[in-house]
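Produce the complete structure using the sequences and hints provided.
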Amino acid sequence: NILGVEQSFKFSMIVTVLALLCLIVFYVSALPHIDFNKFALNIGADGKELPDGNGPLFPFGNYGILAALPFAVWLFLAIEQLPLAAEESVDPKRDMPKGIMLGMFTLIASAFCVLYINPSVVGVGSAKLGASGEPLLDGFRAIYDTTAANALALCAVIGLIASVHTIIFAFGRQIFSLSR
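Taking my numbering as reference, the numbering of the sequence shown is continuous, increasing by one, and the terminal residue is 180.
Read the hints as simulated data drawn from the structure, not as lab findings. Remember, predicted model here, so these are calculated numbers, not experimental data. Treat each hint with caution, since some may be false.
Claimed, not checked - Below are the DMTMM-like pairs computed for lysine to aspartate or glutamate, each with C-alpha atoms no more than 25 Å apart in a straight line:
no., residue 1, residue 2
1, Lys-48, Glu-134
2, Lys-38, Asp-138
3, Lys-98, Glu-80
Unchecked claim - Quick list of simulated restraints, FRET-style, between CB atoms:
no., residue 1, residue 2, range
4, Phe-60, Val-90, 43 to 51 Å
5, Ala-45, Asp-91, 51 to 59 Å
6, Ala-86, Phe-60, 39 to 47 Å
7, Gly-123, Asp-91, 44 to 52 Å
8, Gly-64, Leu-178, 33 to 41 Å
9, Gln-7, Pro-32, 39 to 47 Å
10, Gly-172, Gly-47, 41 to 49 Å
11, Leu-69, Leu-160, 20 to 28 Å
12, Gly-133, Leu-20, 20 to 28 Å
13, Gly-61, Leu-82, 31 to 39 Å
14, Ala-45, Ile-167, 33 to 41 Å
15, Phe-176, Leu-31, 39 to 47 Å
16, Gln-7, Phe-58, 44 to 52 Å
17, Leu-69, Val-90, 33 to 41 Å
Positions of the beta carbon are idealized from the N, C-alpha and C atoms, including for glycine.
Next comes the structure, spelled out in structure tokens:
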């Protein structure tokens, strides 16, 4: 059903743009409130919090990098599903490379901003985020009051709806391809 697929893409696009706008509001509003050396680098090699910051960039060395990889992969969730939409595209030779490159650029830029800005926000820090169950919301709370932070968090969570919706679409396309 072409109409259903088109509506699905429009819904996913609107939800994704809303979530990205929420993140952009956070990035811009956090810029005056960041101190990378004091807060983002506030974990020592022994894992204890450094009150004055200025710790090492990779306090746990190679082990810490490898332990963080599953979380890094989460930032790029579902980009591999984009090629499954090739049959829905009007001009796949032109649209697919452009879509994949724009999608990867958007993910890399937003991942860099979240990983650089969020732990750098005054009052948050890497030590606090490492023990947090909701790290992005902690960054929102450090800048805004609780009501505004919850509203921004709700907008960001809406982005998960687009992810789930896209994953369901991709599963359907994969099953259709396998059935051929």
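Honestly, do Phe-176 and Leu-31 meet the 39 to 47 Å range at C-beta?
holds (45 Å)
Please test the hint of 44 to 52 Å on the beta carbon pair from Gly-123 and Asp-91.
The hint (44 to 52 Å, Cβ to Cβ) holds, given that Gly-123 and Asp-91 are roughly 49 Å apart.
Assessment of proposed distance window 39 to 47 Å (beta carbons of Gln-7, Pro-32):
Between Gln-7 and Pro-32, where Cβ atoms are some 40 Å apart, the hint holds.
Lying within 20 to 28 Å: is that true of the beta-carbon distance Gly-133 to Leu-20?
holds (23 Å)
Quick one: are Phe-60 and Val-90 within 43 to 51 Å, going by C-beta?
Holds - the Cβ-Cβ distance for Phe-60 and Val-90, about 48 Å, lies within 43 to 51 Å.
Given the hint of 20 to 28 Å, is the C-beta distance from Leu-69 to Leu-160 inside that range or not?
Cβ of Leu-69 to Cβ of Leu-160: about 21 Å, so the range 20 to 28 Å holds.
Within 41 to 49 Å: is that where the Cβ-Cβ distance between Gly-172 and Gly-47 falls?
Holds: the Cβ-Cβ distance is about 45 Å, inside 41 to 49 Å.
Outcome for the supplied range 31 to 39 Å, where the beta carbon pair is Gly-61 and Leu-82:
holds (34 Å)
Lying within 33 to 41 Å: is that true of the beta-carbon distance Leu-69 to Val-90?
About 37 Å separates the Cβ atoms of Leu-69 and Val-90, which means 33 to 41 Å holds.
Just tell me: holds or violated, for the beta carbon distance of Ala-86 and Phe-60 against 39 to 47 Å?
holds (41 Å)
Regarding Gln-7 and Phe-58, is the given constraint of 44 to 52 Å on their beta-carbon distance met?
Since Gln-7 and Phe-58 have Cβ atoms about 46 Å apart, the given range 44 to 52 Å holds.
Is Lys-38 close enough to Asp-138, meaning Cα to Cα at most 25 Å?
holds (17 Å)
The structure fails none of the hints (numbered hints given earlier).
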